[in-house]
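Visitor: All chains should be built: construct the whole structure from the sequences, respecting the hints.
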Amino acid sequence: MSSIKIAFSKFNLRDSFGAWWENATKKQRIAFRVLLIGFFYALPFLDNPILGTPETNFQSVLFYPLAVYVAMAVGLNIVVGKSGILDLGYVAFFAIGAYTHAILGTFYGVSLWFNIILGAAFAMIAGVILGLPALRLRGDYLAIITLGFGEIVRIVALNLEITGGAAGIAGIPAPPNIFNVTFDVLDPKPHYWLMLTFIMLVVWMYIRLGKRRPGRAWEAIREDEDVAEFMGVETTKYKLWAFILGGAIGGGAGAIYSSQVASILPDYFTLNVSILVLACVVFGGMGNIWGVVAGAILLEYLPEKLRFLSETRILFFGLLMVVMMNIRPDGLFPRKKREKVYDKVTGQEISR
Amino acid sequence: MTKLLEVNNLTMEFGGVVALKEVNLHVSAGEIAALIGPNGAGKTTVFNVVTGYYQPTKGDVLLNSKSVLGLKSNKIARLGLARTFQNIRLFGDMTALENVMTGSDSRNKVGLVGSIIGTSRSRQEESLSHSRAAELLNFMGISHRSGQLARNLPYGDQRRLEIARALALEPKVLLLDEPAAGFNPQEKVELGELIKKIRDAGFAVLLIEHDMSLVMKISDRVSVLDFGQKIAEGTPSEIQNNQKVIDAYLGVVDNAS
Chain A
1 MSSIKIAFSK FNLRDSFGAW WENATKKQRI AFRVLLIGFF YALPFLDNPI
51 LGTPETNFQS VLFYPLAVYV AMAVGLNIVV GKSGILDLGY VAFFAIGAYT
101 HAILGTFYGV SLWFNIILGA AFAMIAGVIL GLPALRLRGD YLAIITLGFG
151 EIVRIVALNL EITGGAAGIA GIPAPPNIFN VTFDVLDPKP HYWLMLTFIM
201 LVVWMYIRLG KRRPGRAWEA IREDEDVAEF MGVETTKYKL WAFILGGAIG
251 GGAGAIYSSQ VASILPDYFT LNVSILVLAC VVFGGMGNIW GVVAGAILLE
301 YLPEKLRFLS ETRILFFGLL MVVMMNIRPD GLFPRKKREK VYDKVTGQEI
351 SR
Chain B
1 MTKLLEVNNL TMEFGGVVAL KEVNLHVSAG EIAALIGPNG AGKTTVFNVV
51 TGYYQPTKGD VLLNSKSVLG LKSNKIARLG LARTFQNIRL FGDMTALENV
101 MTGSDSRNKV GLVGSIIGTS RSRQEESLSH SRAAELLNFM GISHRSGQLA
151 RNLPYGDQRR LEIARALALE PKVLLLDEPA AGFNPQEKVE LGELIKKIRD
201 AGFAVLLIEH DMSLVMKISD RVSVLDFGQK IAEGTPSEIQ NNQKVIDAYL
251 GVVDNAS
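As given, the protein sequences belong to chains A and B, one line each in that order.
The letter at position 153 of the first sequence is residue 153 when you use our numbering, and the numbering goes up by one with no holes.
The letter at position 95 of the second sequence is residue 95 when you use our numbering, and the numbering goes up by one with no holes.
For the record, the hints were derived by calculation from the structure and aren't laboratory data.
Some hints could be false.
[As the list claims (entries may be wrong)] Using C-beta positions, here's what the derived DEER-type ranges look like:
(1) A:P176 / B:G92: 48 to 56 Å
(2) A:E339 / B:S127: 56 to 64 Å
(3) B:S28 / A:N326: 40 to 48 Å
(4) B:G141 / A:F39: 42 to 50 Å
(5) B:K3 / A:R33: 52 to 60 Å
(6) A:T346 / B:N8: 55 to 63 Å
[Stated by the list, open to error] Covered by chain A, per the in silico footprint, the following chain B stretches (three or more residues, Cβ under 8 Å):
(7) 98–110
(8) 116–126
(9) 135–147
[Claimed, not checked] Computed list of chain B residues with no C-beta within reach of chain A, every gap over 10 Å:
(10) T11
(11) N39
(12) Q229
Treat the numbers as computed from the prediction; the structure is a model and nothing was measured.
For glycine and all other residues, C-beta sits at the position ideal for the given N, C-alpha and C.
Guide: Right, here's the structure in full:
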């Protein structure tokens, strides 16, 4: 086992890529970004035997579970990875966003474009209502109370009339055409592109926050909450912000999701979803946004790729998790372990 | 001289245990005040009460003549009270510079939305935070460590980094909890000079320390705690000749050996 460990630690993709990235010129970096983003936008057309999923429709897989889970994992990463708040009820925010569009879109004819924002807003309100009392707790206690929150939202949806009870809501409208692109149930591509755009927006926002004051405050809270408080960090405020920002992302993703699947049931929003999103974050590398994205892609893609193994595929999935956690306990791409170089006077980071 | 920090009749009880009993202390502008006493005398408890971590059973804590009782620790910190820790508590996974910046961030006003948009104020404050942190690391003589993760720093530099992080808050009073613990004699001398330099830069210092030669050399005033009570206060030479302090803490030099 230890020899495997050494072999893996010697091959460090993150570091060798990081070295290339730091030596790259500005043009090379832009080219890399354009290529990467272009690749993901073109992905629905790359349904070949190597990439494709033979048993299921590749384009559907790209939207759900792949893009949906990447969006949720990126959102949960702010809460769990960056700020160290263990949230086991993340699906609640996703459900709130999904039902926002389902109810407002189906019964009141509100367009998805507004419902993404409204879904995020309702998720934020729910986050404040739960977060204000719950975030006084730490660790396991907080985990339990968030777990309860996830279940409460599902059970409320199961029992209310407006949410359609156990039958859920069907016939959820897709948004009107833009640029001659038709959003409908049969063609998942436009929704995939929409979710991809949403994810990119979120990642952009996260990176800006991460390297500025809020990012430092969240990291300080994750490292040692008491000390952060002694150093003047308003821990309650920043924890709440992390919680509701993560929630807003879940809410926005939920609204897009319900628009694509066109009918939702409370059964879609079980504890399993929360656990799986958390697994994506931990598997990818808590606190490193690229690790989390990679983790979510891999964890959601593999079960679809392995579908030919039918029932036993979950077994292989579990095996992969066990092996992973042994050879890379900090996740696929753990957050920075590299040292930085700062200017002696301005304190700005110098890229080597 | 103006009293920056005043502790009046402070009593702290944990259940039946009386950790502090009617303690009076103060720190004036421009001085190094020391707090000494045997282990378990309640020195660190004083720090924990004045920084708002514990609510005292009785008594009052005044910062700049205003009571800070009942305020949250982060508010007290921003009002001008920064501390270090007996057992080093850095943000291990952040670089040295980021550690210090966390402290200087508390002087900034930009919020979450401003940070996302990148308003001109947010950019200004960011670059100011960066340069201020670099300056402080330089002041503490650890600028060559700025890019390293705090957890990877050698022990002595971790202690210095803690002081730099506390100074980044631009406190009125700096509380140092055993800053020389684990230092060799040479490092202790250097630290003494550094603390004097900090005082001369305009920060009042309240120092908890067990190394008597350091305390007696740099302090302007020394208070002695024993079993939660203040038993003496005075200049270093007065304390050294105080019989109560000698009995409780300092002991007598054994001439026979």
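Visitor: It remains to establish, for every hint, whether it holds in the given structure.
Guide: Evaluation of the provided hints:
Distance hint check for P176 (chain A) and G92 (chain B): the Cβ-Cβ separation is about 51 Å, which falls inside the suggested range of 48 to 56 Å. Range check, E339 (chain A) to S127 (chain B): Cβ separation about 21 Å, and the 56 to 64 Å hint is violated. For S28 (chain B) and N326 (chain A), the Cβ-Cβ distance of about 59 Å falls outside the hinted range of 40 to 48 Å, so the restraint is violated. For G141 (chain B) paired with F39 (chain A), a C-beta distance near 48 Å keeps the hint of 42 to 50 Å intact.
Between K3 (chain B) and R33 (chain A) the beta carbon distance is about 58 Å. The supplied range of 52 to 60 Å therefore holds. In this structure, T346 (chain A) and N8 (chain B) break the distance hint of 55 to 63 Å, their C-beta atoms being roughly 44 Å apart. Proximity of the region 98–110 of chain B to chain A, defined as three or more residues with a beta carbon under 8 Å from a beta carbon of that chain, is established by the 8 residues found. With 5 residues having a beta carbon nearer than 8 Å to a beta carbon of chain A, the region 116–126 of chain B meets the requirement of three or more and the stated coverage holds.
Residues of the region 135–147 of chain B lying with their CB closer than 8 Å to a CB of chain A number 5, which satisfies the three-residue condition for coverage. No beta-carbon of chain A comes within 10 Å of the beta-carbon of T11 (chain B); the shortest separation is about 23 Å. N39 (chain B), annotated as away from the interface, keeps every beta carbon of chain A farther than 10 Å; the closest lies near 22 Å. Its beta-carbon lying about 26 Å from the closest one in chain A, Q229 (chain B) satisfies the requirement of being farther than 10 Å from that chain.
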